[in-house]
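Engineer: Assemble chain B onto chain A, guided by the hints.
So the sequence lines, in the order shown, correspond to chains A and B.
To convert, note that position 418 of the first sequence is 418 in this note's numbering; the numbers rise steadily by one, no gaps.
To convert, note that position 33 of the second sequence is 33 in this note's numbering; the numbers rise steadily by one, no gaps.
Since the hints were derived computationally from the structure, they do not count as laboratory data.
Incorrect hints may have been included.
What the hints assert, rightly or not - Under the rule of at most 27 angstroms between Cα atoms (straight-line distance), these lysine-lysine pairs were calculated in the BS3-like manner:
hint	chain 1	residue 1	chain 2	residue 2
1	A	514	A	607
2	A	230	A	190
3	A	98	B	19
4	B	2	A	21
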Amino acid sequence: MRERLKTLKNYFMLLVPYWDKSVLSLFCVGIVVIFGMATPLITKILIDYAYPNQDLYLLTFLVLLGIVIFLFNMYFSDVSSYLDTFIHQTLSIDLRNKFFTKLLRLPLRFHYEKQVGDLMVRVTDDIDVIIDAVAETIPVVIKIILQLVALLVICLMIDINLTILALIGIPFYFIQTRFFAKRFEIVQEKSQKRESEIYTFYQEKMSNVKTIKSFNQEMHETDRLIDKLKRMFRLVRENLFLGLFNSFFDAIMITLWTSFLAWYAGYRVITGHITIGEIMAILVYLGQIHQPFMDFGTVYKSLVSSFVSINRVNEIFEKEPEAYKDTRTFILYDIKGQVKFDNVSFHYPDTDEYILKNISFNANPGKVTALCGTSGAGKSTILDLLLRFVETNEGEIYIDEYEIKKVSLITLRANISIVSQDVVIFSGTIRENLQYGCKEVDEEKMIQATKDAEIYEFIKDTAKGFDTRIGEGGLGISGGQRQRLSIARALYRGVKILILDEATSALDSITEAKIYKNMQKALEDKTVIMITHRPSSLHNAEKIYVVHENKICESGDFDELLQKKGEFYKFYQAQVHETEEETEEKIKMKKLRKKIDKEKVDKEKAKEELKLSDLEKVIMDMYYNKKQTYAAISKELGMEPYDVNLIRKSAKEKLETLRKLELEE
Amino acid sequence: MKGIIRKLFSTLLSEDMGKQARQVEIITLIVFIILLIIIVGLWQFQIVLTAPGEAGREIIGKMNIFQLLLSR
Chain A
1 MRERLKTLKN YFMLLVPYWD KSVLSLFCVG IVVIFGMATP LITKILIDYA YPNQDLYLLT
61 FLVLLGIVIF LFNMYFSDVS SYLDTFIHQT LSIDLRNKFF TKLLRLPLRF HYEKQVGDLM
121 VRVTDDIDVI IDAVAETIPV VIKIILQLVA LLVICLMIDI NLTILALIGI PFYFIQTRFF
181 AKRFEIVQEK SQKRESEIYT FYQEKMSNVK TIKSFNQEMH ETDRLIDKLK RMFRLVRENL
241 FLGLFNSFFD AIMITLWTSF LAWYAGYRVI TGHITIGEIM AILVYLGQIH QPFMDFGTVY
301 KSLVSSFVSI NRVNEIFEKE PEAYKDTRTF ILYDIKGQVK FDNVSFHYPD TDEYILKNIS
361 FNANPGKVTA LCGTSGAGKS TILDLLLRFV ETNEGEIYID EYEIKKVSLI TLRANISIVS
421 QDVVIFSGTI RENLQYGCKE VDEEKMIQAT KDAEIYEFIK DTAKGFDTRI GEGGLGISGG
481 QRQRLSIARA LYRGVKILIL DEATSALDSI TEAKIYKNMQ KALEDKTVIM ITHRPSSLHN
541 AEKIYVVHEN KICESGDFDE LLQKKGEFYK FYQAQVHETE EETEEKIKMK KLRKKIDKEK
601 VDKEKAKEEL KLSDLEKVIM DMYYNKKQTY AAISKELGME PYDVNLIRKS AKEKLETLRK
661 LELEE
Chain B
1 MKGIIRKLFS TLLSEDMGKQ ARQVEIITLI VFIILLIIIV GLWQFQIVLT APGEAGREII
61 GKMNIFQLLL SR
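Next up, chain A with everything else stripped away, as it sits in the complex (with noise of 0.2 angstroms):
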C-alpha cells in the first residue's frame, strides 16, 4: 500500500505547475458548499420567525439574500468547473507528452516485441483513467471534508443526540465502499488487458486485409472478433452486476440510515427539544449528507481502478531509453562519411547466439557499397546496428574517425538517410512527406529530388501538385510510387550517408537505372550502402559484400564475385534462375566484352597521345602546304632548323600511326 501510495504521491505532483489554479478551484468549491448550507438555515428562519410573526420585511429580505446566494454560488461553482476541466485537459495533454515522448524514445526492440494494440490502449485508456483519478481525487475529498465538517457544525449547533447518532452510521459505509473497491479493482484490470487484446486484433487484421481476404478467412476473423468481444461483455456484465450491488447496497443503507433520522429528529419535535423549522433544516441536512458519501465512494473506487492503470503505464516509464540525454559524446558535423565496421559481432540479449559475428566492411565517401545474402543473414542487423537500433556486442563501428558508441544518438541519425522496402507514407500532403524531418524548406532542392527519384513527373499531374495530400483520407498511391516518394525525400534530406534497404523492389528495371542514373550527381560525395538482391542493382555498387551465415565471405565487384565462383555465384544464379552453363557463358561474354572494351580504351589513349601539338601542326602546314624550307620555317618561328626537321618528323610518325590504327579499325 505503502509502495502505491508513492506511485500514486509521483502522479500527484503533476498537479504542482497548476497548484495556483487548484487552489483557486478549491477555494470556489468551499465557498459552494458554504452557500449550499445557508438554504435550509434560510427556510428554518421563513418557519421559525417570518411566517409566525407575519414579518413582511424579513420575508423579503431572506428572498433576496437567496437570490444573491444563489448567483455567487452559480458563480463560483461554474469557475471551479472552468478551473478543473482547465486543469483535466492540460494534465492530459503532460501525461500523454510524458508517455508518448517516452515510447518514442524506447528501443526497436521494444516496439518489436510489444503489440500496438496494448500501446494504444495504454496511451488512451489508461491515461485517462490515471488523468480522471488525479485530477479529480483532491478536489472531490477536499469538498467532502468540506461539506461533512459544515453539516455537522451546523447540525452540531442544532441538536447534539441527532448529530452523534448520524455519525455512527460512517463506519458501516466505509467497510462496505472498501469491500467493493476491491473487486472494482480486479475486474478493472481483467477488463484492461482485454481491452489490449481487442485492440490489437483490430490494429493486426485492419493491417492485413489482403491477406485475410486472400485466404477467405473474414468470416472466420469476424467470429473471432465476436469471441473476443463477448469475453469483454461478461468483464462488463461483471462490472455492472458489482455497480449495481454497490448501489444497492450504498442506498439501502443511506435510507434506513436517514429514515432513522428523520424519525428521531420527529421524535425530538415532538417531545419540544427543536423547533419545526429546525427540523426542517436537519431533514434537508440528512437529505444532503448521502452525497459526500457517494462521492467518497465513487472517488475511492475510481483511484483503486486506477492502481491498475498505473501499473501498466509506470511499465512503459520504467523501461530503459535510448541514450539519448548521454552527454559525454562527440557531435557529428560536417563529416565525410566514412563507414567502418571493425570486428563488429552482435547477438540479442537473451540469446548467446550470434546474429552477426566478425563483420568488417569499409563504406566509402562517393560510392556504392553493397550488402547482399541469402534473407535472414543478418544484412539488415547491419544497417540496425549502424543506426543504433540496437548496439554491438564485440567490435567497433566508425564514421570517419569516430566511434559511434561515443556519438551523440541524435546527430548519428541526423546524418543518415534510410529508404527501406516497407516504405511508410504518413497522411498528409506531398510536399510534408518529403520535408519529414527536414527544418529547412528549399523548393528548387525538393523538386531537384523528385526529378531524380522519377516522381516528379506524377506530382506535377495530381490537382495541386506537391499540395495533394496522401496516406488516409487521401491520394491512394502504389507500391512504386512509395518507393520513389521515400527515395527523394531521402535526397531531400541531402545527408551524407544513404542506406538503401531493397529500396528499389517495388520498381521496374527501367525505373530503377533511371533514378540510379538521376542519382549519381546527387550521390556523388554521399557514401551509399545498398542492400539488395536484385543483380540489376547490384551492378551498380562499386563494392559488394556477401554476407553468408551471419559473416561475410566474400567481397569484391560484380564480376570478380562471379568469376569466383563461391556465394555470390550461387546467390546470383539463384535470383536470375540461371543454369551453371549460360552463367559460364555469361562471365565469358562479360570477360570478353570487358577485353574490348579495354582496348578500345587503350585505342582511345593511344589517339589522344597521337594528336599533333599546335606547333607540329603549324610545322607541318608550313612545310608541306606552304612548301616553306627548314630555313624559312626556323626563321619565322625563332628556332634551329635541325629542331624544325626533329619535330616534321615525329608528326608525321605521328601521322601514319593514327592512320594504321584507323585503318584495323
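Structural biologist: Just chain B now, with coordinates in the frame of chain A:
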C-alpha cells in the same frame, strides 16, 4: 439573440486557453472581493425583527443576518 450568443461563443473559444484561465482567475478574485464587501455590509446591517403585539407591531429583537441564521 442567436447572433449574440454565437459571437460570444466564438470570442470565448478564440481566446488562448492559458490566457483565458488567467483572466478567469482575476475576475474571480474581483468577484470574491465584491462578495467580501457584501458580507461585511450584511454583518453591519441590523435586521429589526418585529411581531404583532397589542399596540401594533412590536420590536422583538435586532441582529445581523448571520446571528439570525445561526440562532436557535
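Engineer: Each hint should be assessed against the structure and marked as holding or not.
Structural biologist: Structure-based check of each hint:
A hinted pair counts as satisfied when its Cα atoms are at most 27 angstroms apart, and residue 514 of chain A with residue 607 of chain A does not qualify at roughly 32 angstroms. Under the criterion of a C-alpha separation no larger than 27 angstroms, the hint pairing residue 230 of chain A with residue 190 of chain A is consistent with the structure, at around 14 angstroms. Under the criterion of a C-alpha separation no larger than 27 angstroms, the hint pairing residue 98 of chain A with residue 19 of chain B is consistent with the structure, at around 23 angstroms. This hinted pair does not check out: residue 2 of chain B and residue 21 of chain A have alpha carbons roughly 32 angstroms apart, beyond 27 angstroms.
Checked against the numbered hints above, the structure violates hints 1 and 4; every other hint is satisfied.
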